[in-house]
Structures are given as C-alpha cells and as structure tokens.
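Heads up: the protein sequence lines correspond to chains A and B, in order.
As numbered in the working numbering, residues 1 to 240 make up the first sequence, in order.
As numbered in the working numbering, residues 1 to 240 make up the second sequence, in order.
Keep in mind the hints are simulated off the structure, nothing from the lab.
Each residue gets a CB set at the ideal place from its N, CA and C atoms; glycine is no exception.
Don't take every hint at face value.
[As the list claims (entries may be wrong)] Here chain B is said to cover these stretches of chain A; the calculated rule only asks that three of the stretch's residues, wherever they fall, bring their Cβ under 8 Å from a Cβ of chain B:
no., stretch
1, 44-50
2, 80-93
[Claimed, not checked] BS3-like cross-link-like pairs, simulated, lysine-lysine; straight-line CA separation at most 25 Å:
no., chain 1, residue 1, chain 2, residue 2
3, B, 33, A, 167
4, B, 150, A, 42
5, A, 178, B, 167
6, A, 42, B, 101
7, A, 150, B, 167
8, A, 5, B, 42
9, B, 3, A, 193
10, B, 33, A, 42
11, A, 101, B, 193
12, B, 150, B, 33
Chain residues, written in single-letter form:
2 protein chains.
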Amino acid sequence: MVKRKVANPLAFAVLGSLAERPMHPYEISTMLKSRGKDLSIKLNYGSLYSVVAALEKHGFIEAVETLRDGNRPERTVYDITEAGRLEFQDWLTELLGTPEKEFSQLEAGLAYLPAFPPDRVVELLDQRITALEAEIAEVEGAHASMEAIKFPRVFWVESELRLALLKTQADFVRQLAKEIRSDELEGSVFWRKGYELVETLGIKPADLFKDPVKYFGEEFTWMQAMPPEVGAPEPKPEPK
Amino acid sequence: MVKRKVANPLAFAVLGSLAERPMHPYEISTMLKSRGKDLSIKLNYGSLYSVVAALEKHGFIEAVETLRDGNRPERTVYDITEAGRLEFQDWLTELLGTPEKEFSQLEAGLAYLPAFPPDRVVELLDQRITALEAEIAEVEGAHASMEAIKFPRVFWVESELRLALLKTQADFVRQLAKEIRSDELEGSVFWRKGYELVETLGIKPADLFKDPVKYFGEEFTWMQAMPPEVGAPEPKPEPK
DNA sequence: TCTCGGCTACTCGAAATCGAGTATTAGCTT
DNA sequence: AAGCTAATACTCGATTTCGAGTAGCCGAGA
C-alpha cells in the first residue's frame with residue numbers, strides 16, 4: 001500500500017538474496033533460478049540491473065567491491081544496508097499480511113465471454129484445460145522429486161500455493177465448459193440464440209441489443225435496461 | 001504468446017468496447033466501470049489514452065469525429081477497424097485458450113517465508129485471512145444483488161472465477177497457518193529452532209547455514225548441500 | 001448570488017520495463 | 001588446432017506505465 005521507492009517485486013528478491021550474503025547481480029539471478037524463485041518472482045535481466053541501480057540510489061544496498069577477471073565484464077558485488085533490511089522486512093510484512101488486487105489473463109478473457117459464440121468458447125476452454133493439466137502434472141512432479149530428496153516443505157510452500165490455484169482454475173474452467181455445453185449457465189440460451197440469429201439472418205450483434213424483445217420475445221425485456229448499460233441506464237442511475 | 005503491437009490488457013478492453021459501438025476514451029472508462037470490468041482489467045487514465053493512441057497508430061481503431069462542447073476538452077470518438085476486430089478475436093482466443101504464467105504477491109512473500117520467525121508469519125497470515133474474508137463477503141454480496149435483479153451469470157462469470165480463487169487462497173493460508181502453529185509443516189522445527197538460536201545466542205541467521213550440524217545436530221546434515229544452494233530439484237523438461 | 005465540491009475529459013513527464021544484443025572465456029569435440 | 005556451443009555478465013534504448021495535475025462545467029446549498 002505504501003508506495004515503495006523501488007516497486008518491482010524483483011527488488012524484493014534482490015534484497016532477500018543480499019540479506020543472506022553479498023553478491024553481484026548476475027549471481028543473484030543464477031541463485032534465484034537454482035532455487036526456483038524465478039517461478040514466483042519475475043526475473044528479467046534488464047529489470048535486474050535497473051532495479052539494483054535503483055536500490056543503490058535509495059541506499060538499500062551498497063557496492064562493496066568490484067572484481068575484474070581477465071577481460072570479462074566487471075562484477076560489482078553488493079551488500080544490503082540496514083535501511084535495506086528494514087525495507088525487506090516491511091515489504092515481506094505487506095506481501096504476507098495484506099492481499100493486493102491482482103488481475104489474471106483468464107479473468108480478462110471471461111469478462112468478454114459473450115463476444116464469441118458458445119461453441120467457440122467451449123472449444124477454447126477445453127484447450128485451456130489440457131494445458132492446465134500438463135502444468136499441474138509438471139508441478140506435482142517437481143513436488144514429488146523435492147519430497148524424494150527430503151527437501152523440507154517450508155522452502156517451497158509458494159509452489160504449493162501455485163498448485164492449489166492452478167487446480168482451482170482447472171476445476172472452474174471444467175465446470176464452466178460443462179455449464180455452457182448444457183445451457184445451464186444463465187443467459188446462455190440468449191447467448192446461443194443471439195449468435196444463431198447473427199448467422200442465419202446476417203444481422204450485426206450490436207443490433208440485437210437495440211431491440212431484444214423483437215428478436216427474443218417478452219422474456220428478454222430486461223435486456224433493454226440492463227446490458228450493456230448495467231447498473232447505470234441512461235434515465236436514472238441505479239444504486240449499487 | 002504472440003507479442004502484440006499493443007500489449008496492455010486495457011487495450012483489449014478498449015477493442016472490446018469499441019466493437020460494440022463508437023465511443024470516446026473517457027466514455028470507455030465510465031462504461032468499463034459501470035459494468036465492473038475494471039475489476040477484471042486494470043484501468044488507469046494515463047494508460048487509457050496512451051493505449052488508445054497506440055491502437056490508432058497500428059490501425060486497430062480510428063477517429064471518427066471530434067466533438068467540442070463549449071470550452072470543454074475535445075472528445076475524440078473512435079471506432080474499431082476490421083484489423084482491430086481480428087486483433088480482438090485473436091486476443092480473446094489467446095486469453096481463453098492459453099494459460100499464461102502469472103505472479104502473485106502472496107507467492108512472492110511465501111518464497112521468503114523463512115526470513116521471518118514462525119510466530120510473526122502466523123500473525124501476518126491471520127491478518128491476511130481476515131482481509132480475505134472481508135473481500136469474499138463483498139464479492140458474494142455483489143453476486144447476490146446481481147442474482148436478485150436476474151442479471152444472467154454469463155455476464156459476470158469472471159467474478160465467479162475471482163471468488164473461487166479468493167476462497168482457494170483463504171483456505172490455503174488457513175491451512176498453512178495451522179501447519180506452522182502445530183509444527184506439522186516439514187522443516188518448521190528447524191525454522192523455529194533456528195530463530196530461537198538467533199535470539200538466545202545472538203548469532204546471525206546466515207551463520208546457521210554455514211554450519212548447520214553444529215547448531216542442529218546430525219539430523220540436518222542435508223542442509224549443507226541443499227539450501228540455500230538447492231541443486232536442481234526441477235530438472236526442467238524441455239518439451240518445445 | 002456565490003462558492004464549493006464533484007464530475008468530465010484529458011495531458012504530461014519521470015520512471016520503469018523488457019527483450020534483444022554484445023563481448024569474453026571455458027570446455028568440448030573433430 | 002580450429003571451431004563450436006554454452007555460460008558469464010552485463011548494456012541499451014525504445015516503448016510503456018502511471019499517478020498527479022489541470023481546467024472547464026454543473027448543481028446544491030448558504
């Protein structure tokens with residue numbers, strides 16, 4: 001909620017890494033990868049170096065030495081400062097204790113579901129399910145091998161969360177596809193019929209909204225007042 | 001997967017809105033809000049106008065008229081082009097059919113769980129649960145009122161997904177807090193003891209990792225080889 | 001009649017973001 | 001001994017992103 005001087009989550013990972021021991025940026029990146037933290041925090045070289053520079057500028061980390069090996073690029077080793085430790089703790093406090101609004105791709109897509117005919121949507125949802133199942137299997141495999149080597153779960157709880165969320169998403173999509181197929185989803189009769197009219201009569205989708213009763217009958221009178229202008233029809237704004 | 005000429009999800013919402021009827025940017029923003037789409041797609045004025053400009057530059061939308069009301073700022077009304085319709089469809093196809101890697105705040109926080117003592121973590125998780133419960137109640141309330149006015153679910157499935165994900169997160173956090181409290185979570189004995197040592201002996205957390213056997217006994221020999229330098233628990237399969 | 005806050009409709013620029021590119025070396029094969 | 005690939009360790013700059021600012025209009029109340 002507080003606006004951080006350096007807001008990129010990668011900066012949080014940098015602070016967390018340097019809290020352990022001094023390192024140079026590239027070393028941080030390899031460490032994050034070797035521990036699989038790059039699956040939880042987006043790592044990208046461009047951002048890494050600019051984030052390190054920003055952290056230094058704000059006094060959260062400081063360069064402790066610059067090594068040169070032959071003609072290779074310099075490696076600047078950084079260490080965390082006291083201010084940096086505080087920032088890291090404050091940040092972790094926020095990440096764990098305060099849920100932030102987040103936006104997912106699927107949610108964005110679902111928001112425009114009626115823009116495609118039902119059958120096309122079902123087809124795409126099936127495709128997503130297949131991909132999700134593969135991803136779930138992969139994560140479960142990774143968990144199995146971590147358990148096999150007795151690597152304690154405290155060190156990979158974040159992966160368990162990811163798995164739980166993937167499973168929920170898969171279940172949701174499966175259920176949704178099923179409800180669309182069976183027309184159980186309220187509104188889908190209207191949706192399906194609308195697309196049939198568009199195809200058979202050759203009219204534009206937008207026209208359906210202009211005179212729904214004409215195309216769908218009295219049952220759909222609500223359409224005139226409601227979508228697309230949900231909640232705030234022209235004449236009088238509804239209380240939400 | 002394809003890199004879009006305009007990648008901001010808000011651009012997707014703009015295309016979706018203009019597919020319905022021509023509008024000026026500010027009108028798009030109010031429409032998105034009135035329909036609650038701004039809960040699924042991040043809306044911000046700065047981005048809105050730059051995204052509209054970018055869409056126009058790439059021929060996905062075009063200005064159809066410029067209105068002036070008294071001395072108010074001009075309102076430029078845009079319409080979608082044929083290329084824009086295709087882009088929108090392609091984008092929707094991808095959003096629905098292809099899961100993309102996403103990063104959540106909580107996942108980032110969990111990745112650094114051991115950086116705080118167990119009791120502090122439990123406290124923060126409890127705090128998150130409270131906040132999540134409030135959010136869940138709010139979403140459920142919104143659903144109830146949409147059902148009350150018989151607003152068909154097809155138009156708000158995205159909100160159902162959000163609810164499902166929030167519930168999963170809440171369940172996960174509750175379970176995690178419970179397992180930490182009871183030391184059921186593997187590794188948490190080590191974790192708890194480590195922090196006790198840090199506090200009673202006054203040594204630094206990093207030192208524990210240097211000679212774990214000394215502080216924890218033979219049981220923790222695995223520590224030397226494993227974390228923080230986890231070998232490669234996930235020998236990434238290279239499919240494509 | 002005045003004024004005050006809220007809505008309308010954008011504008012601006014500093015900062016962040018990201019992927020692709022670069023240059024060096026180590027280790028391996030042929 | 002030459003060539004090749006992979007790894008190392010960054011650099012660059014074109015976009016993007018975003019929050020804060022601005023300025024006119026409108027209606028309600030004092």
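Checked hints:
Here the stretch 44-50 of chain A counts 0 residues with a CB under 8 Å from a CB of chain B, which misses the bar of 3, and the coverage is violated. Chain B is given as covering the stretch 80-93 of chain A, and this holds because 4 residues of the stretch bring a CB closer than 8 Å to a CB of that chain, at least three being needed. At most 25 Å may separate the alpha-carbon atoms for a hinted pair to count; residue 33 of chain B and residue 167 of chain A exceed this at roughly 30 Å. For the given pair, residue 150 of chain B sits about 41 Å from residue 42 of chain A by alpha-carbon distance, which is inconsistent with the 25 Å threshold.
Taken as a hint, the residue 178 of chain A and residue 167 of chain B pair is honoured in the structure, with Cα atoms around 21 Å apart against an allowance of 25 Å. Of the supplied pair hints, the one linking residue 42 of chain A and residue 101 of chain B holds, its CA atoms being roughly 10 Å apart against a limit of 25 Å. Among the hinted pairs, residue 150 of chain A with residue 167 of chain B is inconsistent with the structure: their alpha-carbon atoms are about 30 Å apart, more than 25 Å. Note on residue 5 of chain A and residue 42 of chain B: the hinted pairing holds, with a Cα-Cα distance of about 22 Å set against a maximum of 25 Å.
Proximity of residue 3 of chain B to residue 193 of chain A is assessed by CA-CA distance (about 34 Å); at most 25 Å being required, the pair is judged violated. Distance restraint check for residue 33 of chain B and residue 42 of chain A: the Cα-Cα separation of roughly 29 Å exceeds the 25 Å cut-off, and the hinted pair is therefore not satisfied. About 35 Å separates the Cα atoms of residue 101 of chain A and residue 193 of chain B, which puts this hinted pair outside 25 Å; it is violated. For the hint pairing residue 150 of chain B with residue 33 of chain B, the CA-to-CA distance comes to about 20 Å; that is within 25 Å, so the pair holds.
Violation of the numbered hints given earlier is confined to hints 1, 3, 4, 7, 9, 10, 11; the remaining hints are satisfied by the structure.
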